[in-house]
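Protein sequences, first through last, are from chains H and E.
Residues in the first sequence are numbered from 1 upward in steps of one, following our numbering.
Residues in the second sequence are numbered from 1 upward in steps of one, following our numbering.
To be clear, the hints were calculated from the coordinates, so they are not data collected in a lab.
Hints should not be assumed to be uniformly reliable.
Straight-line distance between alpha carbons at most 20 Å, and here's what the computed EDC-like set of lysine to aspartate or glutamate pairs gives [to be verified]:
(1) E:K39 x E:E81
(2) H:K41 x E:D105
(3) H:K63 x E:D1
(4) E:K45 x H:E44
(5) H:K41 x H:D71
(6) H:K74 x H:E44
(7) E:K42 x E:E81
(8) E:K42 x E:D1
(9) E:K42 x H:E44
(10) H:K98 x E:E81
(11) E:K107 x E:D82
(12) E:K103 x H:E44
(13) E:K103 x E:D82
(14) E:K39 x H:E60
(15) E:K107 x E:D1
If the Cβ cut is set under 8 Å, some of the chain H residues that face chain E in the computed set are [unchecked claim]:
(16) G42
(17) L43
(18) T48
(19) Y57
(20) K74
(21) K98
(22) A105
(23) S106
(24) A107
(25) A108
(26) W110
Keep in mind that this is a model prediction, so the values were computed, not measured.
Glycine included, C-beta positions come from ideal geometry on N, C-alpha and C.
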Amino acid sequence: QLLDSGGGLVQPGGSLRLSCAASGFAFSSYAMTWVRQAPGKGLEWVSTISGRGSDTYYAESVKGRFTISRDNSKTTLYLQMTSLRVEDTAVYYCVKAKVVGTPRASAAYWGQGTLVIVSS
Amino acid sequence: DIQMTQSPSFLSASVGDRVTITCRASQGIGDYLAWYQQKPGKVPKLLIYGASSLQSGVPSRFSGSGSGTDFSLAITSLQPEDVATYYCQNYNSAPFTFGPGTKVDIK
């Protein structure tokens, strides 16, 4: 199970931290990903982190502003978002990789999503 | 970076029709291609991984094919519950981009 949380209304230039509490699987064995979807738009891959947290990957649109991290002892995934822009408004989904041990994996299981609204 | 394109962007077909959606990668990605289905107001769901492997629980009327740069998703007999937007995704190398989506409707 993946429980996304932390979304809300924030002003442009502000910060927000999303969390994803995972349960029911060997969390540290799987890469985890954040995917977002702006209202009425398609899916956008945001960031992926390896199982141990040693490797991270970012979309160009968020590089330098967002930081993905994980706490395997708490089986929780995070996305720290700073310098938020209006165009970051979206539902953010926490996603579990289908296979263990690699970030090169399809997205097998999706959280319910948490809505981030960036507006003044 | 690898760009993903899909065609058509919208299709309308009758119940029982065979429909095909194509996805093209700007560079070769082997078989590191997934297909997802997103019904209106719902969370996306994995249909196909490895370009042609059916995810557990997905009806057998769905199938995927292709490798390298050209891929396709087929629905052999379209059902009303298949109304959704379908996305392909490259997971060969970051950025793990999604295609723009294909919206499927019933005529």
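Evaluation of the provided hints:
The suggested pairing of E:K39 with E:E81 holds, with an alpha-carbon distance near 9 Å, which does not exceed 20 Å. Of the supplied pair hints, the one linking H:K41 and E:D105 holds, its CA atoms being roughly 17 Å apart against a limit of 20 Å. Taking the CA atoms of H:K63 and E:D1, the gap is about 14 Å. The hint holds against a cut of 20 Å. Distance hint between E:K45 and H:E44 is fulfilled; the C-alpha atoms sit about 15 Å from each other, no more than 20 Å.
Proposed proximity of H:K41 and H:D71 is contradicted: the alpha carbons are some 31 Å apart, above 20 Å. With a C-alpha separation of about 27 Å, the suggested pairing of H:K74 with H:E44 is violated against the 20 Å cut-off. Using a Cα cut-off of 20 Å, the hinted pair E:K42 and E:E81 holds, with the two alpha carbons roughly 13 Å apart. The suggested pairing of E:K42 with E:D1 is violated, with an alpha-carbon distance near 29 Å, which exceeds 20 Å.
Using a Cα cut-off of 20 Å, the hinted pair E:K42 and H:E44 holds, with the two alpha carbons roughly 16 Å apart. Proposed proximity of H:K98 and E:E81 is contradicted: the alpha carbons are some 24 Å apart, above 20 Å. Of the pairs offered as hints, the one joining E:K107 and E:D82 holds, with about 12 Å between alpha carbons and a cut-off of 20 Å not exceeded. Distance check on the hinted pair: E:K103 and H:E44 sit about 16 Å apart at the alpha-carbon level, within 20 Å; holds.
Under the criterion of a C-alpha separation no larger than 20 Å, the hint pairing E:K103 with E:D82 is consistent with the structure, at around 10 Å. This hinted pair does not check out: E:K39 and H:E60 have alpha carbons roughly 28 Å apart, beyond 20 Å. Restraint check: the Cα-Cα separation between E:K107 and E:D1 comes to about 37 Å, which exceeds 20 Å; the hinted pair is violated. Taking 8 Å as the C-beta contact cut-off toward chain E, the hint placing H:G42 at the interface holds, the least distance being around 4 Å.
The interface hint given for H:L43 is met, as the beta carbon of that residue sits about 4 Å from the closest beta carbon of chain E, less than 8 Å. Interface restraint check for H:T48: the shortest CB-CB distance to chain E comes to about 6 Å, inside 8 Å, so the restraint holds. With its C-beta approaching chain E no nearer than about 4 Å, H:Y57 sits inside the 8 Å limit, and its interface hint holds. Checking H:K74 against chain E: minimum C-beta separation of about 23 Å lies over 8 Å; hint violated.
Taken as an interface hint, H:K98 checks out: its beta carbon lies about 6 Å from the nearest beta carbon of chain E, inside 8 Å. For the restraint placing H:A105 at the interface with chain E, the shortest Cβ-Cβ distance is roughly 6 Å, inside the 8 Å limit, so the hint holds. Hint status for H:S106 relative to chain E: holds, with the closest Cβ pair at about 4 Å, below 8 Å. The closest approach between the C-beta of H:A107 and any C-beta of chain E is roughly 6 Å, which is under the 8 Å cut-off, so the hint is satisfied.
Checking H:A108 against chain E: minimum C-beta separation of about 6 Å stays under 8 Å; hint holds. Because the closest C-beta pair between H:W110 and chain E is about 5 Å apart, less than 8 Å, the hint holds.
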